[in-house]
Each structure stands twice: as structure tokens, then as C-alpha cells.
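Participant: Each chain is listed here by its residues.
2 protein chains.
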Amino acid sequence: MTRRTKSHTLNQLVVERLMHYYHLVAEQIETQTSGYVSSAQIAELLDMDDTLVRKDLAAIGVRGRPRVGFSTQVLMNSIRETLGFNERYRSVIVGAGRLGGAIASYGGFGKYGLDIVALFDADPLRVGTDLGGASVLPIDSLESTVREHGVHLAVLTVPAEAAQPLADRLVEAGIRAIWNFAPTSLVLPSNIFVRHEHISVGLAELAYYLKRNDLSNDRS
Amino acid sequence: MTRRTKSHTLNQLVVERLMHYYHLVAEQIETQTSGYVSSAQIAELLDMDDTLVRKDLAAIGVRGRPRVGFSTQVLMNSIRETLGFNERYRSVIVGAGRLGGAIASYGGFGKYGLDIVALFDADPLRVGTDLGGASVLPIDSLESTVREHGVHLAVLTVPAEAAQPLADRLVEAGIRAIWNFAPTSLVLPSNIFVRHEHISVGLAELAYYLKRNDLSNDRS
Chain A
495 MTRRTKSHTL NQLVVERLMH YYHLVAEQIE TQTSGYVSSA QIAELLDMDD TLVRKDLAAI
555 GVRGRPRVGF STQVLMNSIR ETLGFNERYR SVIVGAGRLG GAIASYGGFG KYGLDIVALF
615 DADPLRVGTD LGGASVLPID SLESTVREHG VHLAVLTVPA EAAQPLADRL VEAGIRAIWN
675 FAPTSLVLPS NIFVRHEHIS VGLAELAYYL KRNDLSNDRS
Chain B
495 MTRRTKSHTL NQLVVERLMH YYHLVAEQIE TQTSGYVSSA QIAELLDMDD TLVRKDLAAI
555 GVRGRPRVGF STQVLMNSIR ETLGFNERYR SVIVGAGRLG GAIASYGGFG KYGLDIVALF
615 DADPLRVGTD LGGASVLPID SLESTVREHG VHLAVLTVPA EAAQPLADRL VEAGIRAIWN
675 FAPTSLVLPS NIFVRHEHIS VGLAELAYYL KRNDLSNDRS
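Those protein sequence lines, which keep their order, are chains A and B.
For the first sequence, the numbering used here assigns the number 495 to the initial residue and increments by one for each residue that follows.
For the second sequence, the numbering used here assigns the number 495 to the initial residue and increments by one for each residue that follows.
Because the hints were derived from the structure by calculation, they are not lab data.
Do not rely on the hints blindly, as some may be mistaken.
Note: identical chains are not told apart, hence a pair may lie in one copy or across any two.
Claimed, not checked - The calculated lysine-lysine pairs, modelled on BS3-like cross-linking and capped at a C-alpha distance of 30 angstroms, are:
(1) 549 to 605
(2) 705 to 549
(3) 705 to 605
Keep in mind it's a predicted model, so treat the numbers as computed, not measured.
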């Protein structure tokens with residue numbers, strides 16, 4: 495009931511932080527504790543302010559017990575429910591190259607609701623192969639597959655120059671959200687949700703650490 | 495001079511936001527404007543508070559001009575310099591599977607300072623091949639290559655169960671920072687910097703959007 499009343503939209507940064515809490519608790523905390531975690535513990539491990547942790551969790555209706563903390567089970571279930579991991583999302587992967595293949599084969603995304611219906615590629619040599627249990631289909635059948643399976647989500651793993659025309663085709667076919675791994679921005683109607691995955695954000699943090707600690711190999 | 499006096503450490507969230515500003519300005523703003531951008535523009539496009547944008551930029555010594563905003567050139571150069579993109583970081587990729595191959599072949603990481611010296615794989619069929627201009631070497635030569643080239647950064651793209659023993663070997667060989675794409679946490683000495691890349695954080699945002707808009711394919 496509490497969560498139902500919280501129908502306002504969480505912004506991107508809150509969603510991302512919730513996901514970090516989820517990973518942290520699932521991977522590092524849940525196995526080591528008595529089933530409770532404090533906002534201070536989460537805050538310390540993620541190097542952030544514990545007030546923000548409490549605020550984020552309160553926003554999804556998760557309240558701690560004084561001196562005990564948050565139930566890890568309640569916390570994880572609430573995040574799963576809020577973020578939609580208990581639903582299923584049929585998706586297609588466009589681009590069956592190394593990255594598309596890595597995503598299809600990873601297998602770990604299923605627990606967040608991702609169902610991969612098929613991959614698509616323009617290269618006839620890739621068509622007909624199987625990646626992570628899904629078939630690589632010819633790019634011509636993109637629209638018919640999306641419509642037939644009621645697919646709303648597309649993962650775009652094509653080179654930069656191919657991204658925009660394919661995104662346009664996906665939108666035309668009825669796609670509502672694109673997970674864009676192509677290293678380029680997409681211009682799309684405002685009702686289409688695009689998440690541009692900048693893997694280089696991670697690299698920035700590493701570069702910053704290495705620089706600060708004089709661990710570069712400067713050859714200039 | 496201004497930036498030199500700012501020697502305190504930026505935390506992870508600040509570094510990540512700086513990288514998002516950098517991408518935003520590089521990809522969407524720089525080409526469309528007169529060379530200036532306001533904190534309000536950045537804040538709106540990233541769906542965040544403009545006070546935070548100004549605070550982050552002030553932390554790296556970037557100050558705007560009243561009614562004009564921030565010079566995009568100064569902003570980008572300051573971020574590049576602060577985050578260390580103007581230095582070079584020799585790195586190795588451990589795991590020459592699909593994801594390792596995708597990272598080696600991407601080519602876009604060089605502009606952030608990443609130099610890939612070599613890849614390593616335990617599979618003899620992969621050894622001797624070339625990915626993105628770097629050779630795949632046998633895993634036995636990991637330690638000698640790391641030492642010989644003064645490599646401080648390793649990109650770990652191996653299955654979860656192989657990650658910890660390989661991370662231990664990397665640390666023993668002198669690696670100081672690990673970019674971990676393996677879907678598991680690593681237990682390492684506290685002086686080793688680990689960035690765990692949770693690609694599923696992006697998926698969380700998409701799942702949340704799809705759920706909110708009733709775009710799931712629920713079969714329960």
C-alpha cells in the first residue's frame with residue numbers, strides 16, 4: 495500500500511543509485527549479515543552520504559528499524575518491484591557483432607526482466623547462427639519480428655554510422671525504448687526513451703584514479 | 495593555477511557526473527552553440543539540479559560568465575585534464591571473448607588515455623589472433639607482460655568463476671587498478687582500485703521506464 499501511493503516518477507540518478515544499492519546488498523552484504531543493513535554501511539561502501547541513502551529508500555517506501563537498519567530482503571524486493579524486475583520485457587538486439595553477442599550470451603540480464611526474442615544483423619554470414627539461445631535473423635525481418643512479438647525494447651549494438659537509420663526503423667516498427675551502445679547520440683521523437691550507455695564513464699573513474707596516483711605511462 | 499590548488503579528491507559520483515557533462519557537451523551541445531553553455535541547459539538535458547552542475551564545475555575550477563555561461567572549450571579541457579584523459583595508461587585485457595574483443599576493437603577509448611598493450615586468454619584457439627590491433631597472448635605470459643610494460647590497469651572480461659584467481663595474479667604482478675566486467679565482486683587489497691562495471695544499471699532504468707508506461711510483456 496505504501497508504495498502504491500508513491501506514484502511520482504523517480505529521476506534517473508535515483509534509479510541508478512537504487513540499482514547500486516541492490517547490487518551491493520545482493521553481492522556483498524546479504525551473505526554476510528543477519529539480514530539487516532544500515533544506511534551508514536551502504537553509504538560507506540558506496541562512498542556517499544547516508545542521508546541520501548535513507549532518502550532514496552524512503553522514496554520507494556522502505557523504512558528501517560532504529561538501531562537495526564533495513565531488512566535486506568525487504569530492501570531488495572522493494573527495489574525489484576519498483577524498478578520493474580518482476581515483469582518481463584521482450585527485446586531484440588540489433589547488431590550481432592562482438593558486443594551484441596556478449597549481451598545475448600551473458601545470461602545475467604534475465605533476472606532483471608529482459609527476454610531476448612532475436613538478434614538482427616546485416617551480415618549474411620551471421621544470420622542463422624545462434625547467440626545465447628536466440629537466433630540471428632536478417633535485418634529485413636526487423637519490423638515484422640518487432641510487431642509479431644509485441645517488442646517494446648531494442649538493444650542497439652551497431653557501429654555509430656548505422657545507429658540512427660536503424661533506430662528510426664525500430665521506432666517506426668513500434669519500439670518504445672532503446673538501449674543504445676552505439677557511440678553516438680540518437681535524434682528520436684520525445685516519446686521514445688533512450689538510454690545511451692557510455693561505458694567510458696567507468697574508464698573516467700579509473701583514469702582519474704591512475705592520474706591522482708601518478709600511475710600513468712606518459713610518453714609526451 | 496586555480497585547478498592546482500584544488501587537490502582534494504573528487505568522489506565517484508562527481509567524477510561520473512563530470513563525465514556525463516563531458517559527453518553531453520561533446521555530442522550534443524558543442525556543435526550547436528556559440529561556444530557557451532549554461533548550467534541550466536546541462537541540468538535540463540541530464541534531468542538534474544543546476545546548482546549541482548555549478549558546484550561540480552566549480553570544484554574543478556570552471557567558472558561561468560554571468561548571462562553567458564561556461565565556455566564549452568574550457569569546460570571540456572578542464573574535465574579532460576582533471577580526469578586524466580591527457581595522460582596515457584597502458585592496460586591489458588584479460589579474457590579475449592566477445593566482450594574483451596568488443597572493448598579491444600572499439601577504438602574509442604584511446605581518447606580517454608587507454609592504450610591496450612595485449613589481451614590474454616586461456617583458450618589456445620584464441621591465442622595468436624589479433625583484436626583491435628592488439629595480440630591475444632597465452633595467459634601464462636600475463637605476469638611478464640604486465641611487468642615488462644609497466645602496466646597498471648587491467649580490464650577483466652572473464653566469466654565470474656575465473657575472475658578472482660586472475661585478479662589475484664594481476665595484483666601480484668603489479669596491477670593497481672582493475673576494470674571489472676565479470677559479474678562478480680572481487681576481494682582485493684585495499685590499495686587496489688576496482689571499478690565494477692554493472693551494465694545492468696542501464697537496464698534498470700529501461701525496465702523502470704517500461705514498467706511505468708505499462709510496456710511489459712507480463713506472462714505471469
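Participant: Evaluate each hint against the coordinates.
Facilitator: Do the hints match the structure? See the list:
no. : hint       : in the structure
1   : 549 to 605 : within (26 angstroms within a copy, 37 angstroms between copies)
2   : 705 to 549 : between (33 angstroms within a copy, 22 angstroms between copies)
3   : 705 to 605 : between (37 angstroms within a copy, 15 angstroms between copies)
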